[in-house]
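There are 4 protein chains.
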Amino acid sequence: MTLKINNITPLRGIVPPMITPLNLDGSLDLDSVKKLIEHLISGGVHGIFILGTTGEFSGLSYKIRKELISATCDIVAGRIPVLVGITDVSLEESIQLANYSEKAGAYAVVSAPPFYMNIDQQELYTYFNQLADSISLPMFLYNMPSHTKLNIELDTVIRLSSHERIIGLKDSSAHAVYFQSLCHFFKDREDFVLMVGPEEMMVETVLMGGHGGVCGGANVFPRLYVDLYEAAIEKDFEMIKSLHAMVMEISKNIYQLGGYKSSYLRGLKTTLSFAGLCQANFAPPIYPFSTVEVEELKKRYSQISAEMSIN
Amino acid sequence: MTLKINNITPLRGIVPPMITPLNLDGSLDLDSVKKLIEHLISGGVHGIFILGTTGEFSGLSYKIRKELISATCDIVAGRIPVLVGITDVSLEESIQLANYSEKAGAYAVVSAPPFYMNIDQQELYTYFNQLADSISLPMFLYNMPSHTKLNIELDTVIRLSSHERIIGLKDSSAHAVYFQSLCHFFKDREDFVLMVGPEEMMVETVLMGGHGGVCGGANVFPRLYVDLYEAAIEKDFEMIKSLHAMVMEISKNIYQLGGYKSSYLRGLKTTLSFAGLCQANFAPPIYPFSTVEVEELKKRYSQISAEMSIN
Amino acid sequence: MTLKINNITPLRGIVPPMITPLNLDGSLDLDSVKKLIEHLISGGVHGIFILGTTGEFSGLSYKIRKELISATCDIVAGRIPVLVGITDVSLEESIQLANYSEKAGAYAVVSAPPFYMNIDQQELYTYFNQLADSISLPMFLYNMPSHTKLNIELDTVIRLSSHERIIGLKDSSAHAVYFQSLCHFFKDREDFVLMVGPEEMMVETVLMGGHGGVCGGANVFPRLYVDLYEAAIEKDFEMIKSLHAMVMEISKNIYQLGGYKSSYLRGLKTTLSFAGLCQANFAPPIYPFSTVEVEELKKRYSQISAEMSIN
Amino acid sequence: MTLKINNITPLRGIVPPMITPLNLDGSLDLDSVKKLIEHLISGGVHGIFILGTTGEFSGLSYKIRKELISATCDIVAGRIPVLVGITDVSLEESIQLANYSEKAGAYAVVSAPPFYMNIDQQELYTYFNQLADSISLPMFLYNMPSHTKLNIELDTVIRLSSHERIIGLKDSSAHAVYFQSLCHFFKDREDFVLMVGPEEMMVETVLMGGHGGVCGGANVFPRLYVDLYEAAIEKDFEMIKSLHAMVMEISKNIYQLGGYKSSYLRGLKTTLSFAGLCQANFAPPIYPFSTVEVEELKKRYSQISAEMSIN
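Protein chains in written order, with the numbering used here: chain A, 513 to 823; chain B, 513 to 823; chain C, 513 to 823; chain D, 513 to 823.
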């Protein structure tokens with residue numbers, strides 16, 4: 513089976529939303545970019561998604577976004593597909609990022625709704641159509657209502673799916689009924705790719721016909737999520753039970769420390785710094801954990817790593 | 513395995529949230545209550561839940577609620593467990609309903625958070641504890657944030673689960689991460705029952721360790737949901753695929769007509785009236801569909817019934 | 513000018529939402545009811561509103577609600593209008609409370625939207641019309657979206673205002689544009705009464721044409737709010753400045769202690785207990801402050817009382 | 513009285529959030545920029561705020577934003593203060609816009625919270641502090657929770673107000689209690705400027721101590737809002753009544769056509785095109801009204817213009 517455009521194979525599997533390694537001064541930490549990408553590829557991931565929410569796209573200047581696009585495409589060098597987040601509030605800036613991504617060799621772009629103006633579904637439809645018309649790469653829709661204030665309703669997805677460059681959707685709503693409605697509508701359209709955001713629901717959506725997950729935790733433990741995805745494909749419930757429990761332990765221990773709205777992002781990137789895969793520097797308005805919190809997180813990470821190596 | 517209280521077996525399976533059959537003047541339609549209950553039991557359901565949201569509890573006077581409790585317990589006569597919704601904004605009224613339910617012979621009661629005052633989790637915890645202390649029946653928590661404005665957070669559930677009379681939770685949030693977090697925490701506590709509300713996500717939650725579903729559509733097609741539940745238990749994916757598609761067709765065609773906030777309730781009860789199982793009368797503030805809408809719904813119902821009998 | 517029904521004069525001024533004095537066992541504290549009512553009347557208030565949100569209506573059993581209605585009407589004995597909250601989720605229960613209030617001698621009833629089911633404006637319109645058709649007392653609409661999840665939109669108010677028994681609206685949304693839109697639409701309809709909930713915006717709305725305020729703080733300091741209302745009517749800006757500053761001090765020091773969602777209610781009733789006007793007992797799900805918080809509140813209250821007596 | 517920095521006089525009065533005139537191809541319509549600015553200045557406004565929500569900042573590329581900053585500062589040429597919106601999701605991009613504005617000769621910059629990431633108040637505080645530390649112009653905070661999902665809480669404003677470059681706040685929440693709380697806290701701090709967004713509440717806030725309004729309608733009718741502001745300062749209630757009624761008519765007839773979330777923006781800019789002050793072109797995701805809607809709006813505008821010239 514090939515996609516409606518470009519004869520590319522539709523995406524399946526685990527596509528980590530890569531964190532963006534930064535130096536203390538806010539510049540791109542290129543060494544860590546390289547290390548992290550090799551870590552992901554050697555972990556068996558099926559693609560890499562840069563400049564998503566986990567990639568802190570919104571806090572980065574355009575200059576750094578472009579550097580990351582180029583670097584990632586160069587380092588990956590075609591080994592796996594690279595997806596680039598081009599979400600913005602300005603259509604023109606999104607188009608420029610898409611064009612840049614194309615030249616750099618990206619596989620596809622990903623766009624959430626414009627997230628400042630309050631608009632209706634018809635405007636959202638027009639906007640996405642206009643964006644898809646203005647670029648050459650295939651595009652994924654990105655549903656992220658907790659951050660954009662705006663749900664891409666099922667009918668809007670259906671209407672947009674007839675655009676030849678709109679090839680799928682990543683849903684981070686965590687709303688299982690919404691995702692099942694998508695799966696049901698597109699069940700005979702294997703070319704329209706449905707990926708889920710929250711890793712805690714990756715297995716169940718794959719069991720029910722979803723195509724994979726954009727799992728943040730795969731930055732740290734790519735193999736775990738790849739194995740879990742494959743277990744879901746194989747319907748190996750013994751394996752699922754054991755690996756999914758790990759995923760839930762990561763969720764509980766790494767993503768909720770301190771009870772901040774930004775606990776997930778802080779927890780994930782700080783944990784990666786323990787693994788030597790980046791520094792724990794963030795783009796404002798995200799800021800580092802306190803020393804005490806870092807120590808607590810380190811303890812939790814050691815425990816999880818230990819359990820992981822036993823299993 | 514027995515429950516921590518009363519030596520009763522923990523609930524598993526399909527427990528329809530029974531609609532409340534009403535006459536045009538708002539009185540209880542007892543004939544339909546009987547017909548409907550027999551329809552459900554002969555469809556193989558594992559329990560009946562009355563006076564939930566689907567049962568329009570909030571619109572009913574206390575007099576009618578009590579009539580329904582007595583009638584249901586009498587008609588069911590111990591064949592399957594009867595769960596009674598006692599959700600209220602007044603602790604005292606909830607307790608009275610619980611006492612009444614106990615005398616009538618109910619299996620357990622079900623309570624969502626008090627839904628007028630804006631409160632914090634600590635107050636919610638204290639409230640549920642006080643309620644459980646004041647009654648003798650086992651009690652399910654009922655998470656329904658779209659209607660109560662208040663999520664029962666995981667930590668609050670965990671704290672409440674140590675109360676001997678709090679034996680489980682029904683989650684209607686549709687939030688898959690929340691439900692997976694519950695399943696993960698309680699994975700070694702088989703006595704703490706986790707049921708899911710939205711029928712569109714029943715299968716996937718049972719596959720992942722959930723204990724069953726409170727499926728509105730089971731009012732019309734009890735056998736479908738029971739078969740689907742059993743397919744999930746058996747991990748019979750061919751069967752799951754075919755039956756789940758039916759559930760999704762019901763969701764799409766019956767629950768969303770007209771795009772009202774009350775489309776689900778109107779659609780479900782009106783469809784039941786086509787099947788001769790009740791009249792399409794509602795408790796205010798829910799009102800009947802227009803004639804045109806009823807005709808459209810009838811067409812959709814015929815189509816679904818036809819497909820159902822083929823399969 | 514007389515109202516469209518009953519030849520009664522339309523309400524103007526300060527109508528405190530009376531707290532409900534309770535004994536420790538949850539029964540009505542009748543002594544305090546008497547003391548509090550005399551305190552309010554001697555403070556010059558223009559009416560009393562019982563069983564509102566501040567009156568904790570939702571937490572009270574129907575038995576206690578009726579006791580309070582009778583007691584209040586008896587004690588007030590026609591000296592000022594008594595308004596009774598009949599907000600409920602069941603139309604039938606609301607009607608019964610309205611009938612009871614009429615017999616007890618109330619001036620009018622007050623109803624917020626039914627607050628469990630999610631409904632659209634058309635259903636809300638039908639519901640309020642049906643309620644007004646089923647009772648004999650005049651009725652105020654009560655807009656309280658933070659508690660009911662449902663705004664009574666301007667168009668709905670306009671449509672409902674043609675019902676002869678719907679004589680006004682109390683708005684607790686704190687949304688100034690909404691209130692100004694109401695004032696503008698009804699500026700030539702002096703019989704349609706527009707009262708505002710949050711006392712912090714009472715003056716400005718009276719200056720702009722609003723008819724008064726349902727000020728919680730008037731339970732403690734009725735004269736302050738009455739004087740402020742009269743200053744607004746007189747456009748005495750020196751007086752306004754000084755009295756409004758007091759109201760804001762009360763808001764800051766009494767209503768926000770501890771940062772709970774229920775801080776307003778806890779703070780108000782506890783302060784009234786310092787003044788010997790009730791006990792600090794609440795209806796679940798509201799619970800008392802801790803001892804430390806009570807001490808802190810007492811200090812703040814003393815300071816405010818001292819300032820008050822100086823001015 | 514002078515401001516804590518730069519010896520500038522604190523802002524007072526009407527500061528229209530200028531719409532951004534665009535050509536059909538999305539480029540800046542410089543002719544209209546000139547016409548519009550002269551229209552505003554000759555209408556007596558006390559300042560101009562560009563690149564706010566009404567200025568569609570979020571939909572514009574950085575290139576166009578910079579062109580507008582330069583053009584506006586050049587055209588205004590010091591006659592009145594120019595405020596520049598630098599709201600962004602990236603601190604670095606905000607800083608660059610601030611630096612650009614300073615060189616262009618702006619009076620101050622205005623920043624709403626970063627609006628993609630979900631953060632807590634402490635992160636918001638740190639972010640704004642960091643921003644103010646990194647620029648040289650004075651800065652206004654901009655509270656716009658309907659668009660940013662994030663309220664700048666009173667305590668956060670208070671903490672930020674001690675930064676020498678943070679000189680005021682524009683509040684577009686429409687929440688009267690919030691605004692009164694600000695006014696009360698800062699009542700002895702005349703250097704900290706409090707402006708209100710929604711023009712429907714401009715008068716009442718000025719009567720209560722607010723310093724002015726950022727009134728969108730002043731793009732069309734600057735004199736009306738300036739006169740209303742002065743009437744409020746003079747406490748001329750006859751004048752207030754008549755002019756405020758006009759403002760409410762504009763709100764009702766111009767800002768709500770079609771019931772879209774974008775009705776305000778579409779209505780305002782299209783009306784300005786009737787007045788020959790710009791073309792009715794928008795930055796995506798805002799799109800033009802249909803021909804029928806434009807005709808209806810034209811009728812309404814004629815009526816309002818006629819009434820205006822009578823008065």
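Bear in mind the hints are in silico, worked out from the structure with no lab data behind them.
Hints are not guaranteed to be accurate.
As the list makes no split between identical chains, a pair holds if one copy fits it or if it spans any two.
DSS-like cross-link-like pairs, simulated, lysine-lysine; straight-line CA separation at most 25 Å [unchecked claim]:
1. Lys811 - Lys575
2. Lys747 - Lys575
3. Lys699 - Lys575
4. Lys699 - Lys661
5. Lys661 - Lys753
6. Lys699 - Lys811
7. Lys764 - Lys699
8. Lys773 - Lys661
9. Lys773 - Lys811
10. Lys747 - Lys699
11. Lys811 - Lys661
12. Lys699 - Lys615
13. Lys661 - Lys546
14. Lys747 - Lys547
15. Lys661 - Lys747
16. Lys546 - Lys764
17. Lys811 - Lys764
18. Lys615 - Lys773
19. Lys575 - Lys773
20. Lys578 - Lys811
21. Lys810 - Lys575
22. Lys753 - Lys547
23. Lys615 - Lys747
24. Lys810 - Lys547
25. Lys615 - Lys575
26. Lys546 - Lys753
Status of each hint after checking the structure:
no., hint, in the structure
1, Lys811 - Lys575, "neither (36 Å within a copy, 48 Å between copies)"
2, Lys747 - Lys575, "neither (44 Å within a copy, 51 Å between copies)"
3, Lys699 - Lys575, "neither (40 Å within a copy, 44 Å between copies)"
4, Lys699 - Lys661, "neither (28 Å within a copy, 34 Å between copies)"
5, Lys661 - Lys753, "neither (34 Å within a copy, 33 Å between copies)"
6, Lys699 - Lys811, "between (44 Å within a copy, 24 Å between copies)"
7, Lys764 - Lys699, "between (32 Å within a copy, 14 Å between copies)"
8, Lys773 - Lys661, "both (15 Å within a copy, 13 Å between copies)"
9, Lys773 - Lys811, "within (22 Å within a copy, 35 Å between copies)"
10, Lys747 - Lys699, "both (19 Å within a copy, 20 Å between copies)"
11, Lys811 - Lys661, "neither (36 Å within a copy, 34 Å between copies)"
12, Lys699 - Lys615, "neither (33 Å within a copy, 49 Å between copies)"
13, Lys661 - Lys546, "neither (34 Å within a copy, 35 Å between copies)"
14, Lys747 - Lys547, "neither (33 Å within a copy, 41 Å between copies)"
15, Lys661 - Lys747, "neither (36 Å within a copy, 37 Å between copies)"
16, Lys546 - Lys764, "neither (29 Å within a copy, 46 Å between copies)"
17, Lys811 - Lys764, "within (14 Å within a copy, 42 Å between copies)"
18, Lys615 - Lys773, "neither (36 Å within a copy, 37 Å between copies)"
19, Lys575 - Lys773, "neither (27 Å within a copy, 33 Å between copies)"
20, Lys578 - Lys811, "neither (36 Å within a copy, 49 Å between copies)"
21, Lys810 - Lys575, "neither (33 Å within a copy, 44 Å between copies)"
22, Lys753 - Lys547, "neither (31 Å within a copy, 42 Å between copies)"
23, Lys615 - Lys747, "neither (40 Å within a copy, 46 Å between copies)"
24, Lys810 - Lys547, "within (21 Å within a copy, 60 Å between copies)"
25, Lys615 - Lys575, "both (16 Å within a copy, 22 Å between copies)"
26, Lys546 - Lys753, "neither (33 Å within a copy, 42 Å between copies)"
In summary, the structure is inconsistent with hints 1, 2, 3, 4, 5, 11, 12, 13, 14, 15, 16, 18, 19, 20, 21, 22, 23, 26 from the numbered list given earlier, while agreeing with the others.
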